[in-house]
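Given next are the chains, with one letter for each unit.
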Amino acid sequence: MKMTTKIVQNRGLPTPSRREVLKYGGTAAGIAAGLSMPFVSRAWAQAVEINMLAWYGHGEPDMVSEFEAENNVKFKPKYYAGGDNMLGLIAQSPPGTYDIILSDAEFVQQLNDAGYIEEMSPADYNFDDMIYDDFKQFPGHWKDGKLHSVMVRFGHLGVSYNKNAVTAEEAMSYKCFWKPELKGKVGHFDWHLPSLGMMSLYNGNGANLWNLDDGAWGKVKETTMSLRPQVGGFFDYGGTFNSLKNGEMQAMCGIGDWITGVLEKDGAPVASVVPKEGGIQWTESYSIGKGSDKADMVKKFIQYMLSPRGQVRSAQMAAYPGFCITHAGVKALQEANMKEAERTGQIDGAPNNPITLVKEGRIHYRNIPQQQSLEDWNDFWSEYKNA
Amino acid sequence: MTIDPKRRFDPYALTWRMPIIVWQVLFFIGPLVFMIAMTFFLVKNYRMHEAFEMKNWIKMLGRGFFWDSYFLTLGLATLSTLCATIIAFPAAYALSFKVSANIRRWAIFFLIIPFFTSYLVRTFSWYVILAESGPINAMLAYIGLGPYTMLNTKFGTMVGYMTLTLPLVVILQTVSLASIDRSLIEAAHNLGCGRVRTVFTVIVPLAKTGLIIAAVFCFILSFGDFVAPYYLGGSKPPTLPIMIIDTTKSGQQWPRAAVVAVMMMVTLFTVAFAAIMVAYRKKT
Amino acid sequence: MMDSERAIKWFLRGYVVCLFVFVFLPIIASMVFSFNSQRFPTVPLGTFTWHWYETIWQDPDVWDAIKTSIIVSSCTSVLATFIGFCTAYTDYRYSFRFKGAFLALALLPPTIPLIIMALAMLAWFARIGASGEIWSVIIAHTVLTAPFAMAVIRLRLNQIDPNLESAAWNLGASEWTAMREIILPFAKPAIVSALCLTAAVSFDEFAVAWFVSGLNKTVPVIILEIVTGNIDPQVNAIGTFVFITSMTLVIIAQILIMTREKKDAPA
Numbered sequence: 001m002k003m004t005t006k007i008v009q010n011r012g013l014p015t016p017s018r019r020e021v022l023k024y025g026g027t028a029a030g031i032a033a034g035l036s037m038p039f040v041s042r043a044w045a046q047a048v049e050i051n052m053l054a055w056y057g058h059g060e061p062d063m064v065s066e067f068e069a070e071n072n073v074k075f076k077p078k079y080y081a082g083g084d085n086m087l088g089l090i091a092q093s094p095p096g097t098y099d100i101i102l103s104d105a106e107f108v109q110q111l112n113d114a115g116y117i118e119e120m121s122p123a124d125y126n127f128d129d130m131i132y133d134d135f136k137q138f139p140g141h142w143k144d145g146k147l148h149s150v151m152v153r154f155g156h157l158g159v160s161y162n163k164n165a166v167t168a169e170e171a172m173s174y175k176c177f178w179k180p181e182l183k184g185k186v187g188h189f190d191w192h193l194p195s196l197g198m199m200s201l202y203n204g205n206g207a208n209l210w211n212l213d214d215g216a217w218g219k220v221k222e223t224t225m226s227l228r229p230q231v232g233g234f235f236d237y238g239g240t241f242n243s244l245k246n247g248e249m250q251a252m253c254g255i256g257d258w259i260t261g262v263l264e265k266d267g268a269p270v271a272s273v274v275p276k277e278g279g280i281q282w283t284e285s286y287s288i289g290k291g292s293d294k295a296d297m298v299k300k301f302i303q304y305m306l307s308p309r310g311q312v313r314s315a316q317m318a319a320y321p322g323f324c325i326t327h328a329g330v331k332a333l334q335e336a337n338m339k340e341a342e343r344t345g346q347i348d349g350a351p352n353n354p355i356t357l358v359k360e361g362r363i364h365y366r367n368i369p370q371q372q373s374l375e376d377w378n379d380f381w382s383e384y385k386n387a
Numbered sequence: 388m389t390i391d392p393k394r395r396f397d398p399y400a401l402t403w404r405m406p407i408i409v410w411q412v413l414f415f416i417g418p419l420v421f422m423i424a425m426t427f428f429l430v431k432n433y434r435m436h437e438a439f440e441m442k443n444w445i446k447m448l449g450r451g452f453f454w455d456s457y458f459l460t461l462g463l464a465t466l467s468t469l470c471a472t473i474i475a476f477p478a479a480y481a482l483s484f485k486v487s488a489n490i491r492r493w494a495i496f497f498l499i500i501p502f503f504t505s506y507l508v509r510t511f512s513w514y515v516i517l518a519e520s521g522p523i524n525a526m527l528a529y530i531g532l533g534p535y536t537m538l539n540t541k542f543g544t545m546v547g548y549m550t551l552t553l554p555l556v557v558i559l560q561t562v563s564l565a566s567i568d569r570s571l572i573e574a575a576h577n578l579g580c581g582r583v584r585t586v587f588t589v590i591v592p593l594a595k596t597g598l599i600i601a602a603v604f605c606f607i608l609s610f611g612d613f614v615a616p617y618y619l620g621g622s623k624p625p626t627l628p629i630m631i632i633d634t635t636k637s638g639q640q641w642p643r644a645a646v647v648a649v650m651m652m653v654t655l656f657t658v659a660f661a662a663i664m665v666a667y668r669k670k671t
Numbered sequence: 672m673m674d675s676e677r678a679i680k681w682f683l684r685g686y687v688v689c690l691f692v693f694v695f696l697p698i699i700a701s702m703v704f705s706f707n708s709q710r711f712p713t714v715p716l717g718t719f720t721w722h723w724y725e726t727i728w729q730d731p732d733v734w735d736a737i738k739t740s741i742i743v744s745s746c747t748s749v750l751a752t753f754i755g756f757c758t759a760y761t762d763y764r765y766s767f768r769f770k771g772a773f774l775a776l777a778l779l780p781p782t783i784p785l786i787i788m789a790l791a792m793l794a795w796f797a798r799i800g801a802s803g804e805i806w807s808v809i810i811a812h813t814v815l816t817a818p819f820a821m822a823v824i825r826l827r828l829n830q831i832d833p834n835l836e837s838a839a840w841n842l843g844a845s846e847w848t849a850m851r852e853i854i855l856p857f858a859k860p861a862i863v864s865a866l867c868l869t870a871a872v873s874f875d876e877f878a879v880a881w882f883v884s885g886l887n888k889t890v891p892v893i894i895l896e897i898v899t900g901n902i903d904p905q906v907n908a909i910g911t912f913v914f915i916t917s918m919t920l921v922i923i924a925q926i927l928i929m930t931r932e933k934k935d936a937p938a
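Chains as they are written, first to last, in the numbering used here: chain A, 1 to 387; chain B, 388 to 671; chain C, 672 to 938.
Calculated from the structure, these hints are not laboratory results. Please note that the accuracy of each hint is not assured.
Here are the simulated DSSO-like pairs of lysine-lysine, each with C-alpha atoms no more than 30 Å apart in a straight line [as the list claims (entries may be wrong)]:
1. K770(C) / K294(A)
2. K146(A) / K76(A)
3. K219(A) / K76(A)
4. K76(A) / K680(C)
5. K290(A) / K680(C)
6. K446(B) / K290(A)
7. K221(A) / K446(B)
8. K431(B) / K219(A)
9. K859(C) / K74(A)
10. K146(A) / K163(A)
11. K143(A) / K446(B)
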């Protein structure tokens with residue numbers, strides 16, 4: 001088990017010592033593994049399968065292998081991008097298809113209204129240890145005093161930029177996306193909600209960024225359209241990653257440290273900040289799929305993800321890192337990887353401490369549009385892309 | 388050939404005839420017809436409801452950007468067809484007339500190989516190769532040029548289309564050129580017809596059918612490909628296949644995606660039909 | 672005159688070489704990247720590593736996908752080859768009314784863009800309550816690959832002496848016996864190559880499989896997921912593996928065709 005953990009953590013670049021090990025031990029290990037094939041047997045054996053619906057990466061070995069080995073289960077992930085995509089995937093599958101659903105917090109209410117998720121017992125989860133009171137009662141997670149979803153991680157979205165093209169001061173405002181030098185070098189993460197939310201913040205809508213009357217919504221559309229000539233492309237997760245890394249894009253709208261954090265660790269000159277107009281918080285929560293016959297195991301997994309062990313994994317997730325949400329998790333992260341804790345401000349008194357930012361009112365929880373429908377936003381996004 | 392015309396019911400014949408009919412009706416015609424029907428359905432709360440409404444058609448065809456995307460896709464696919472046809476022809480010519488049959492066979496074998504490598508993986512390779520920090524720009528920098536932006540441009544899209552179509556076009560062109568009767572070319576030469584003139588007045592007309600079929604396949608493949616315009620063209624702006632995927636993903640709007648798909652099919656059939664009419668038209 | 676002839680010949684040869692470089696550059700580059708230590712390859716390359724192969728080796732999801740792909744492509748190849756054989760034999764032996772329509776129905780699928788087939792299949796399977804099942808992928812792939820099987824087998828049947836079958840009937844063999852004793856043995860190499868070809872096509876197809884596979888992901892769907900997700904050279908490692916698998920199948924098919932040609936050559 002130790003070995004696996006180590007390899008997973010080394011996912012970026014193999015160290016020389018590991019190459020040496022490989023050189024001498026590779027063949028022998030290969031033959032031995034070939035004979036026993038532990039991974040094949042885990043994949044092909046009749047372990048209990050848990051169907052997971054999540055953003056990319058949550059079902060990868062670095063997140064689940066420890067839990068899988070301890071409980072003799074096997075996660076079968078299906079990945080989506082964006083809440084509308086997630087709701088569509090559930091709607092097209094027979095009830096009970098997904099045992100565990102990771103959703104963005106703003107979509108929990110819709111999941112619940114559609115009857116896609118089970119009620120959960122609050123006593124099963126350690127809410128007392130959460131680092132911020134809001135998270136214990138996150139909007140939409142409780143309905144009529146009943147719990148339906150448990151928040152496990154979060155992160156902040158703002159201006160993501162290449163340090164060689166944008167200065168730290170410039171990055172303190174969304175205005176930098178319009179910088180003439182960035183023409184054709186500004187990328188979008190291809191989902192309407194975060195990008196349009198940022199445009200709304202840039203327009204000065206502040207805490208009302210999702211609650212736009214017709215006039216304000218029209219202005220947001222106008223602002224967004226004016227950015228179009230700067231845009232070099234619309235990217236999915238992988239494209240966002242690659243184009244920031246290889247310098248094709250010098251600034252990226254709609255993302256945050258969840259992308260640049262991984263790249264920074266890889267040595268790329270990129271960073272994300274929460275600009276003065278404010279940033280957006282993404283929040284990820286686990287729910288139990290309606291009609292799942294593995295609810296007990298799913299509960300156990302959510303408990304695991306909230307435990308310090310799970311929180312440390314989540315904070316260093318290979319696909320994209322997220323902040324710890326329990327005191328014990330933060331402490332465990334500081335012990336396990338102080339550098340990462342410092343980089344992300346997860347130490348007391350750090351100026352970029354995520355909770356400090358929230359308390360200062362600079363961070364707004366991501367939400368769905370209040371006065372328009374998701375479809376309106378979606379339609380506008382298509383129009384924008386095609387402009 | 389030797390069937391007894393009096394026998395009305397022939398279990399033996401039906402055994403061989405029925406499987407494809409049953410299978411294609413159930414799983415080929417069925418889905419396509421259902422997709423056409425689906426364009427009239429409605430979606431509420433991410434679920435599809437059977438209905439007969441023109442809303443999706445009005446919504447999709449009434450949007451300016453649909454037509455922008457439509458003509459963009461049409462233009463890109465046409466450009467891709469022209470590029471592939473022109474780039475492939477000298478190679479097909481060389482393989483047909485300038486090398487031995489043995490080399491030709493090997494060449495075709497090697498051109499088949501790409502079909503068995505993942506197109507996605509090949510595209511990802513281009514992604515790295517064409518990047519501003521990639522090998523091509525590094526080489527250009529060596530001779531004092533560049534860097535050039537090749538990704539997220541139409542050029543990138545075209546490279547992707549060529550990766551997909553060029554091997555097939557070269558194969559089909561080579562096969563049709565190689566089957567031309569050599570004595571006709573000899574005759575043209577003996578009558579003092581120059582090389583270039585021979586190519587355009589003798590070889591191209593004789594191989595016309597094969598050349599057009601190759602072009603039609605190239606058009607179909609480019610028109611329906613989402614990988615090249617998405618990953619190498621930065622989806623800027625999106626082509627119709629990308630629009631199908633986007634629409635399917637966002638809020639389960641399958642009926643609207645189906646409208647796009649039906650429009651694509653109508654276009655393809657029109658183009659293919661016209662091309663085949665030209666290909667088989669008797670020369671008068 | 673002779674010099675320009677030679678110049679053109681060499682120019683054309685050079686041109687062909689350039690074209691092959693364009694075709695093979697991405698394939699070879701992908702193999703190189705799969706052994707390169709950098710997560711995002713740049714020039715100059717990093718150091719040699721087995722890391723990406725190790726990663727996929729240890730990823731149960733990849734093994735799961737390999738298992739799914741093996742099941743899908745083997746079932747597809749058997750079904751598609753069976754249907755292709757039936758159709759090829761019908762075309763070879765019978766002429767009947769609406770034969771043109773019959774052949775069009777059989778050969779049409781490759782002319783429909785995959786993305787359209789994918790959407791149509793997805794909606795259709797959801798309608799008949801079969802979405803996300805492993806056999807949804809098998810059915811879809813069979814539709815896509817049967818025409819290839821038919822083409823390969825039909826070409827082989829062209830070479831059969833048409834009198835052979837009727838001679839057998841005259842000697843008292845039933846149609847079924849003649850099929851078993853004459854047609855099938857004759858078509859056997861083509862059947863085997865059709866099996867390999869359809870299996871290889873199915874093993875590589877990603878658009879339709881992506882739409883209809885649900886949780887039963889095949890190898891190309893995993894590749895697509897890594898490309899759209901946490902992109903890294905695992906893609907190249909898996910790609911190289913898929914390439915080797917597919918090529919093995921194709922080479923087997925090719926060898927069978929070659930030996931068949933040799934055998935037939937004197938006649």
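Legend entry - Numbers of unmet hints, in rising order: 1, 3, 4, 5, 6, 9, 10 and 11
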